[in-house]
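Assemble the whole structure, with the sequences as input and the hints as a guide.
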Amino acid sequence: GQQVMQIPQYQHVQEGEDFTTYCNSSTTLSNIQWYKQRPGGHPVFLIQLVKSGEVKKQKRLTFQFGEAKKNSSLHITATQTTDVGTYFCAGTPTGNQFYFGTGTSLTVIP
Amino acid sequence: ETGVTQTPRHLVMGMTNKKSLKCEQHLGHNAMYWYKQSAKKPLELMFVYNFKEQTENNSVPSRFSPECPNSSHLFLHLHTLQPEDSALYLCASSQGDRAQETQYFGPGTRLLVL
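Each protein sequence line maps, in turn, to chains A and B.
Numbers 274 to 383, taken from my numbering, label the letters of the first sequence in order.
Numbers 1217 to 1330, taken from my numbering, label the letters of the second sequence in order.
If you are wondering where the hints come from, they were derived from the structure by calculation, not from laboratory data.
Source: prediction; values computed, not measured.
Keep in mind that a hint or two might mislead.
To be verified - In silico lysine-lysine, DSS-like type, Cα no more than 30 Å apart, as pairs:
| no. | chain 1 | residue 1 | chain 2 | residue 2 |
| --- | --- | --- | --- | --- |
| 1 | A | LYS343 | B | LYS1256 |
| 2 | B | LYS1256 | A | LYS309 |
| 3 | A | LYS309 | A | LYS330 |
| 4 | A | LYS343 | B | LYS1257 |
| 5 | B | LYS1256 | A | LYS330 |
| 6 | A | LYS324 | B | LYS1234 |
| 7 | B | LYS1235 | B | LYS1268 |
| 8 | B | LYS1252 | B | LYS1235 |
| 9 | A | LYS332 | A | LYS309 |
| 10 | B | LYS1238 | B | LYS1257 |
| 11 | A | LYS329 | A | LYS309 |
| 12 | B | LYS1268 | B | LYS1234 |
| 13 | B | LYS1256 | B | LYS1234 |
| 14 | B | LYS1268 | B | LYS1252 |
| 15 | B | LYS1238 | B | LYS1268 |
| 16 | A | LYS329 | B | LYS1257 |
| 17 | B | LYS1268 | B | LYS1257 |
| 18 | B | LYS1252 | A | LYS309 |
| 19 | B | LYS1238 | B | LYS1256 |
| 20 | A | LYS329 | B | LYS1256 |
| 21 | A | LYS324 | A | LYS343 |
| 22 | A | LYS330 | B | LYS1234 |
| 23 | B | LYS1257 | A | LYS309 |
| 24 | A | LYS343 | A | LYS329 |
| 25 | A | LYS332 | A | LYS343 |
| 26 | B | LYS1257 | B | LYS1234 |
| 27 | A | LYS343 | B | LYS1252 |
| 28 | B | LYS1234 | B | LYS1252 |
| 29 | A | LYS343 | A | LYS330 |
| 30 | A | LYS330 | B | LYS1235 |
| 31 | A | LYS309 | B | LYS1238 |
Pasting the structure below:
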């Protein structure tokens, strides 16, 4: 079945370092969404990408949708302790419900 | 606060118990969802309702029974659960059930089955 994979599963970074998580699908996605879940919390919507090659920025966060619409990435510049949490991508094979990725758990060491 | 509330927040039940999880959304949305989140596994979509009609059932065992009396309320009735059903159960809502809709999640019910 459809799977949306994310790598890495876990990432520990020193505060101030950059962080990137990658989302990969075996099939073309009509759109991709990113969510953040703080420890003990629930997923919160961050952004949606729809167009091939689209890049969006939110302060220190940069989101990219691949040209083939099969992959996406989230890059955080100069991480802060407030960035701690699990980042999920959620992709939609055309016409279907979307599938959440496996998530990347980010730990930021002060 | 996302406008989606869930009760109870924590639940411990035996395998022979019957319990219900409740979700309420105050966002005027038409679609509601149940997800299961287990440790080290991706969020698993269980059920989708749009305008009170079930539009998705992802091969969920019959010991989980959803109910959607109106667009604002969603229940998950639990009966004879197994220990492997212990997880965080998340409710979400969106304006419609199209794939481009943003989902707003509730805080979840953390369930432990003994």
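Going through the hints against the structure:
no., hint, verdict
1, LYS343(A) <-> LYS1256(B), "holds (23 Å)"
2, LYS1256(B) <-> LYS309(A), "holds (16 Å)"
3, LYS309(A) <-> LYS330(A), "holds (15 Å)"
4, LYS343(A) <-> LYS1257(B), "holds (21 Å)"
5, LYS1256(B) <-> LYS330(A), "holds (28 Å)"
6, LYS324(A) <-> LYS1234(B), "violated (46 Å)"
7, LYS1235(B) <-> LYS1268(B), "holds (21 Å)"
8, LYS1252(B) <-> LYS1235(B), "holds (16 Å)"
9, LYS332(A) <-> LYS309(A), "holds (15 Å)"
10, LYS1238(B) <-> LYS1257(B), "holds (23 Å)"
11, LYS329(A) <-> LYS309(A), "holds (16 Å)"
12, LYS1268(B) <-> LYS1234(B), "holds (23 Å)"
13, LYS1256(B) <-> LYS1234(B), "holds (27 Å)"
14, LYS1268(B) <-> LYS1252(B), "holds (20 Å)"
15, LYS1238(B) <-> LYS1268(B), "holds (15 Å)"
16, LYS329(A) <-> LYS1257(B), "holds (28 Å)"
17, LYS1268(B) <-> LYS1257(B), "holds (28 Å)"
18, LYS1252(B) <-> LYS309(A), "holds (16 Å)"
19, LYS1238(B) <-> LYS1256(B), "holds (25 Å)"
20, LYS329(A) <-> LYS1256(B), "holds (28 Å)"
21, LYS324(A) <-> LYS343(A), "holds (11 Å)"
22, LYS330(A) <-> LYS1234(B), "violated (47 Å)"
23, LYS1257(B) <-> LYS309(A), "holds (15 Å)"
24, LYS343(A) <-> LYS329(A), "holds (17 Å)"
25, LYS332(A) <-> LYS343(A), "holds (25 Å)"
26, LYS1257(B) <-> LYS1234(B), "holds (26 Å)"
27, LYS343(A) <-> LYS1252(B), "holds (25 Å)"
28, LYS1234(B) <-> LYS1252(B), "holds (18 Å)"
29, LYS343(A) <-> LYS330(A), "holds (20 Å)"
30, LYS330(A) <-> LYS1235(B), "violated (44 Å)"
31, LYS309(A) <-> LYS1238(B), "holds (23 Å)"
Hint compliance for this structure: hints 6, 22, 30 are broken, all remaining hints hold.
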